[in-house]
Amino acid sequence: MAAQQTIQRTTAESWTLLDLLDQAPGLHALADALIEITEEGAPVVALTGDLKYSNGLVRYAERFPERFFNMGISEQNMVSVAAGMATTGLTPFVADFASFLPLLCCEQIRTDVAYSQLPVRLIGHHAGITLGFYGTSHHATEDLSITRAIANLTVVAPTDAAMLAASIRASVGWEQPIYYRIGRGREPDVYTPAELRDFEFGRAIWHHWGGDAVVIATGSMVAPAAEAVERLRGEGHEVGLLDMHTIKPIDRQAILMASAGGAPLITVEEHNTVGGLGAAVSEVLADKGSRSRLRRHGIPDVYSLIGPPTHLYRHYGLEGAGIEAVIREELERG
Amino acid sequence: MSPAATNAVDRETIERLEERALFIRKETIRLISIAKVGHYASAFSCAEILSTLFYGVMDLKQGEPDWPDRDRFMFGKGHAAVALYPILADHGFLDREVLDEYTKLGNPLGDHPDRTRVPGVDFSSGSIGHALSAGLGMVLAGRLDGRDFNSFVLLGDGEQNEGQVWEAAMSAAHHRAGRVIVIIDRNRYCLDGEVDEVMGIEPLDEKWRAFGWDVHEVDGHDVSALCPLLRSLADREAPEQPAVVIAHTVKGKGVPFMESEIGWHLGYLSPEDEAKALEYIESAAQRS
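Sequence lines, in order, name chains A and B.
To convert, note that position 251 of the first sequence is 316 in my numbering; the numbers rise steadily by one, no gaps.
To convert, note that position 177 of the second sequence is 227 in my numbering; the numbers rise steadily by one, no gaps.
Extracted from the complex, chain B is given alone in its bound form:
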């Protein structure tokens, strides 16, 4: 039986996770309208992954970003941090007013997350490829201290090009760090175009399996599949094998004119287009 089938998730939870994914998309648009440039499409492809982790899977305490036993979150594709900040505010880690000044001079929130400035950011990112190593370090340290938290590491698919990812993959399997759970946002695009044209990464599942990992694949926009799968991985008893979930996603998901359009990796919506984008997102909310 697949792990997903063992942990059915109730309808109410599913609706909540879907609603929060839409909230993440809307907040992303609002914040980028302040900065006037940002990674909409990268944020949209992982909106369901983030909502599932932060509202359905991770063990966190409201208002306590430094709780030592909390599950950790590493944002390998840190350029989508704009999607994380509203979630941190929602969890009481960060004042909501700080969001309103996103990227302005002296504000702690930049395009990439900074652990020294933003409570709730477990690790600074921005340089692609470091996050898995950091997440592994936390799990090894937790083990030494008798703490059993999980490190969730969200990697981009373009990030798979980085050598350090594979050093860390080898290392996590070697150190039997079963509390490391990687999610790959397989949205198929990086900055210059399609990942598989810029630098091919397939067969991705076989690569991770060959490195000793427990490999799963899922539709990264279907919270009813994501949530039970991630919960089952998080709840394993004394796991020794690290796990990776290849989440198949659509870059720009939710706004049709952005979906899989490479120009939208980094961009800015005019007020007119912003209204259109919000309309699409709202109508998706009504449909569900």
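For reference, chain A alone in the conformation it holds in the complex:
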């Protein structure tokens, strides 16, 4: 672990990826959950492409060195290697930046993992615009769209550290391959582990019913959406909130329930408004012939700007106040 010792600790103002790991409980949750299920006997192996510090898998590597494979900066090889491992009965967890894993390795995921029906778990971390000023190449605003179009692949965007842990536990015995979309591990806590004891892929979580509007949020957007909804409810607006953590298979029943009263629906995602959660919800509504209006809120169909993540969230209206403003617009339209 010589490399670890040479890392220079910087001040809190310094914005280095490695230092921020200490403040990234979500990423600790990844390694800790993997350690837990491995200790319980799940046939886990973990792979990453020169990113064990960025995704926190270094903790797993220290605990289970023989089960950890650093595959270097060869992501396509890594995904196919994982598929090969899975043919023997192992459950490989492959972690890499969400900006690269589902895009660079899309065809390996489709052909070697999903078409081949192998239970590989793909963890796309630092999804959306969380890598801020590292640049647009490092932003992942297409990953839901791409993975959602791949048959036989479960797609989940856990809300917080507790849900990441719960969804990793839920993956034991889940036969389909899974794409996990996670942020930078600093998403605020929304749930306690106890609240997620019954977590199931494909079963959305209702926070509130709403007669005036229903917000459907996923992943990192649940926390700011909850903040916005609470404020509006405090003013007497009956705004609902549904946590759509699983994008595929999507909880059709919950969407149809949300639209049953005719209130407008607002989807919120840290993703291009094309092809992601909003699109998935619109498909369900259209199939059913629903008359509910749908507002798809997210990154418009552009390449996201460079800037610190908090500034970017404000710019795209993806923080509490921005989401609140969008909901108000919809309430005013009636």
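Hints are computed from structural coordinates only; laboratory data are not their basis.
Nothing here was measured: the structure is a model prediction, and the numbers come from that model.
Hints are not guaranteed to be accurate.
Between beta-carbon pairs, the in silico distance windows are [to be verified]:
#, chain 1, residue 1, chain 2, residue 2, range
1, B, 286, A, 372, 50 to 60 Å
2, A, 365, B, 250, 43 to 53 Å
3, A, 128, B, 213, 44 to 54 Å
Quick reminder that beta carbons are idealized off the backbone N, C-alpha and C, glycines included.
Since the structure of chain A is already known, use the hints to place chain B on it.
Just chain B now, kept in the frame of chain A:
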């Protein structure tokens, strides 16, 4: 001493491997006559490689395609899968009747092999360049489980153009995956013409050596050379260096009007030409 010289193979085995290579060619013609289009020439160039692996080298159990300790086979040039299916049926992995419906609606056998539909196919292929990575993954997993099987990976020479092949080559050497054995079917042709004109790959031996591999070259149609070489590589004790065999072959081998004719990468024989092709193959059998 070269590894080949240490493992002489008896005459009976040689004859058997040659006979099975002819069987593979004849079955290829029969199956493609059902589909009415297929990769004859790609199958013919690797007929001896396949017969040597499946009848002379690989550790397999008749009728048990899922035996955990079996040697694995990865078909990088998956478009020649038509040559593999008769072998799988021969090993009792697959009902022979399934062959008769090759590529028909609902049949598990397509132009490219699918592990979810065809028992005995260790990995689906069709997209060029993934097979070596998959074979490496199996060896790394086997090592974790204390299983000592080999992964044989048959790559095309055009496949050497794919970047992922070299990611995997680097990775296998780094992980000391000596149980990974690559065979390159160096038939010198891809779809658009000669490999070295479309995208040159030489010096191939030096490239693999530079990536840390144990490199061998052989006449890919001479089973008396192929078999001892592949056996010696398969039988190494606790190998740490992955090995590659560059097998020099002729695309379309066995049917003179197909040999090294680019038009035959993908084609269909009229019944008349099919009879001629079979005649050539049969006469080769009589000569040997």
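Quiz item: What hints, given by number in increasing order, does this structure fail?
Solution: 3
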